[in-house]
Amino acid sequence: MRALRPVVPMVLVLLLASCAVVPQTRTRPVASSNPAVLSLLDRAHKQSAAGELEQAGASLERALRIEPRNALLWQELARVRLDLGLYRQAESLAAKSNGFAADNRTLRGENWRIIGQARSGQGDYRGAQDAFDRAEKQ
Amino acid sequence: MKVFNFLKFGKKTRRKKNTRNSRRLTKRKFLLTALLAVLLLVVMYVVCLDYTVRTRFEGRRFALPARVYARPLELYAGLKLTPAKLVAELELLGYREAGLPREPGSYRWRNQQVDLVTRPFTHGDGPQESISLRVTFSGGQVEALQGRKDNAVIELLRLDPALIGGIYPGNNEDRVLVRLEEVPQRLVDALIAVEDVRYFSHRGIDPRGIARALVMTVSGKSVQGGSTLTQQLVKNFFLTAERTVRRKLNEMIMALLLEMHYSKEEILETYLNEVYLGQDGNRAIHGFGLASSFFFDKPLMQIDLTEAALLVGMLKGPAYYSPRRHPQRALDRRNLVLGEMAEADFITDQELLAGRIMPLGVVERPPRGTSPYPAFLSLIHRQLRRDYRDEDLRSEGLQIFTTLDPWVQRAAENALNKQLKRLEQGRGIAADSLQGALLVTDAQNGEVQAVVGGRDPRFEGFNRALDAQRPIGSLIKPVVFLTALQQPQKYTLATLLDDSPLLLQQPGTEDWQPQNYDKEFHGQVPLHTALAHSYNVSTARLGLELGVPSVMDNLRRLGVDREQPGYAASLLGADTFSPLEVAQLYQTLASGGFRTPLRAIREVLTFTGQPLQRYPLDVEQVVDASSNYLVTAALQEVVQKGTAKGLHRYLPKDLGIAGKTGTTDDFRDSWFAGFSGDRLGVVWVGRDDNEPAGLTGASGAMTVWAEMMAGLGLEPLLLPVPDNIERVWVESSSGLRSAAGCPDAIELPFIVGSAPTESAPCGPGSGGNSIKSWFERIFK
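Line by line, the protein sequences give chains P and U.
The numbering used here puts the first residue of the first sequence at 1, with every later residue one more than the last.
The numbering used here puts the first residue of the second sequence at 139, with every later residue one more than the last.
Same shape as in the complex, but just chain P:
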């Protein structure tokens, strides 16, 4: 047992490290290589956090003018509209994001979750379940 003592913290450290590193690379892909887009995205996040959802939407639209094919930006906009209760728009924007997401499964999974939430917000529970199922499959 004594011989194992130094190993325990090492294992713990390794476990923690894997927790900390691996999910990050999975859920947080690099949003853009363009610092201007990143700064607008950052701005949008701050505005969302402050409850300024309309302004957050405006910042994301600005970013989309620079990178109109950026799936993550379309998704962020979908989420802002979802938070505003604009379900029909949220659903369409998430679908639009899916169009640009190519084989980014994380992004697509999140889009389907947004679509699911938007559908249940509109009272379409069966459609919502379909969307959540698709989110799981990604």
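These are computed hints drawn from the structure, not numbers from a lab.
Where is the CB? At the ideal position from N, CA and C, for every residue including glycine.
Treat the hints loosely; a few may be bogus.
What the hints assert, rightly or not - Some but not every residue of chain P turned toward chain U, in silico, with C-beta under 7 Å:
id	residue
1	ALA31
2	PRO35
3	ALA36
4	SER39
5	GLY51
6	LEU53
7	ALA58
8	GLU61
9	ASN70
10	SER92
11	ALA95
12	LYS96
13	TYR125
14	ALA128
As the list claims (entries may be wrong) - Pairs of lysine-lysine residues, derived as DSBU-like cross-links and limited to a Cα-Cα distance of at most 30 Å, are as follows:
id	chain 1	residue 1	chain 2	residue 2
15	P	LYS46	U	LYS287
16	U	LYS386	U	LYS454
17	U	LYS791	U	LYS779
18	U	LYS556	U	LYS218
19	U	LYS373	U	LYS287
20	U	LYS218	P	LYS46
To be verified - Footprint (simulated), chain P over chain U, 3 or more residues, beta carbon under 8 Å:
id	segment
21	577 to 584
22	753 to 765
Got chain P; can you put chain U on it based on the hints?
Then chain U, alone, in the frame of chain P:
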């Protein structure tokens, strides 16, 4: 008017009282009562005037036109932009070149580097301070943005937007409001010296001034008003132009009242913004702010001594002393002002001498009062009228932030003008007989970047881009083909269509016998080829198979929100649409099947910069991604191999542009609608009298489109491929499954499960496989 009635009524009661009491009262008592009554009336009268003065002065002081701005240019590393183009943008914004830019609104250009100081500006999402920065360029791109003080990297910088027009009040008063602190001291000095020397010491009226004026008038030396600035403001502001003693009295009382309630600075500021200084057609130039740009084409802040003297001199008679019409009179008057300034010790004798020999400095042509982009502005006005009362638009000083891109607009105007002239000359068409219209939008977000309503882009009349209703011919075909491709079990791009003679006989209507453009029939043609070559007969037969109503339903879904009659001939574009409606239709295809309402306005702010309304991006999926993908791929083939292949004379093939030509009967209308990855454009060319223009879609409108887009540097159209799309080799002539290398084989996209399963002789399911047949052919 109210005041006047009140007076009359007062006189009557007084007379009645007089007769009733005269017998009983002593003479003294009577006098006292009368005096009291008069005093009371005077007090009431003054109170009434006071009320008028205060409500008018504090209420809305000026009817301010709505100001309309273009999109602001966003600068960031990696943006495609040359230094020359940035400088052109700065010039458009009225930035000045400076040896060392320090003031907001100045810049310096040295090779691959532009230093500038931006102007502070309140955008739709809040104020932005003035920033001093350096922009470096490399290889046609912005390389970096850096703060000039601390060398810190700036990630994103938004310039102030260009003012592109106004929506003016009914009386056509126009003005640019200025704050007193923005007004050069020299102007205030000139005003004080000439109009009211004791302005800062009197209380609204100037007894010494009046006495002096009286003496001068009586002695016959000159007729002087003796009015203070306050009185002049009162006269402009509250009173009519009649010249009576009563009005003069009112003016004096009101001037005293105004001075009691408001500071000298407030009154002066209002005066500077109110006065009338000239006329531009039916537009009245009010205030020094606008006068400065009208006569010198620069902001009031930047005018010098002699320019200030000229403006002040004109106050006496803006028409009589107009520096454009009567330069000598204006010059004499200006020098007189300079003399008065020297006498009042505002300027030195040296300045006086130097000033007297200066030219007037007036720009020959005033900057355009009306918008240089009337067609775009009419689209704005139309959109705004849905949400605002017209009188508010014309008086509340709203700030309208639009999506107009001045560079795209310029490219569009030039292309239309140049190309129509070229077409007329090259094809022996009567000069100036052709007309055209076009719109450019952002392919993804539906923002309108340019609108041209006719050959003369400054013409404020008929706007063809919005209001010309013309048959769209083959531009309708993608809707027919989309309706088919939405039934993947029945139709694919490889489906063979019947292009043999067609006769439609329906009771009550004339027989219908559509013809192809080349007057031939093509037998069995693959669906994608029928679209690429725009075959009418097979399209009509396909549309009839699908049912005209279902095609019309799709048209509405795509964004043409109005009832269409839907005859068989509608399938070949006999119905009329405006270029704007066509743009909306193609916008949905360009943005992947998401209907994105075209928008020309981003935000509306109040006069003080408070957000009033935002017009956010709105998308709605109306076509499934995969059928939209198929029809777009077919539209790319139109440009690669079909009716629009001439586009490659202007634009590189690898842009993958998708587009469609449209030609109507007897060549009356020539259309082209097309999109790249970033822009969508719709062009119409024809004649206003609807006579044949002699142009096909490809020979007319398409060349305008190409000319315009070639100058804009398009992004390639890279279609995102939906999950359920697979690429399969088919034999073109039979529509059967084939393989790479087989004769007549073509690779086409299919919705999974819809590709043909039956194999052609040289296909995967045939006796030999494709590789074998490929070897066979090689060794034959």
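Each hint, compared with the structure:
no.	hint	verdict
1	ALA31	violated (13 Å)
2	PRO35	holds (4 Å)
3	ALA36	holds (3 Å)
4	SER39	holds (4 Å)
5	GLY51	violated (15 Å)
6	LEU53	violated (11 Å)
7	ALA58	holds (5 Å)
8	GLU61	holds (5 Å)
9	ASN70	violated (10 Å)
10	SER92	holds (5 Å)
11	ALA95	holds (5 Å)
12	LYS96	holds (6 Å)
13	TYR125	violated (20 Å)
14	ALA128	violated (16 Å)
15	P:LYS46 with U:LYS287	holds (27 Å)
16	U:LYS386 with U:LYS454	holds (18 Å)
17	U:LYS791 with U:LYS779	holds (11 Å)
18	U:LYS556 with U:LYS218	holds (26 Å)
19	U:LYS373 with U:LYS287	violated (50 Å)
20	U:LYS218 with P:LYS46	holds (29 Å)
21	577 to 584	holds (count 4)
22	753 to 765	holds (count 7)
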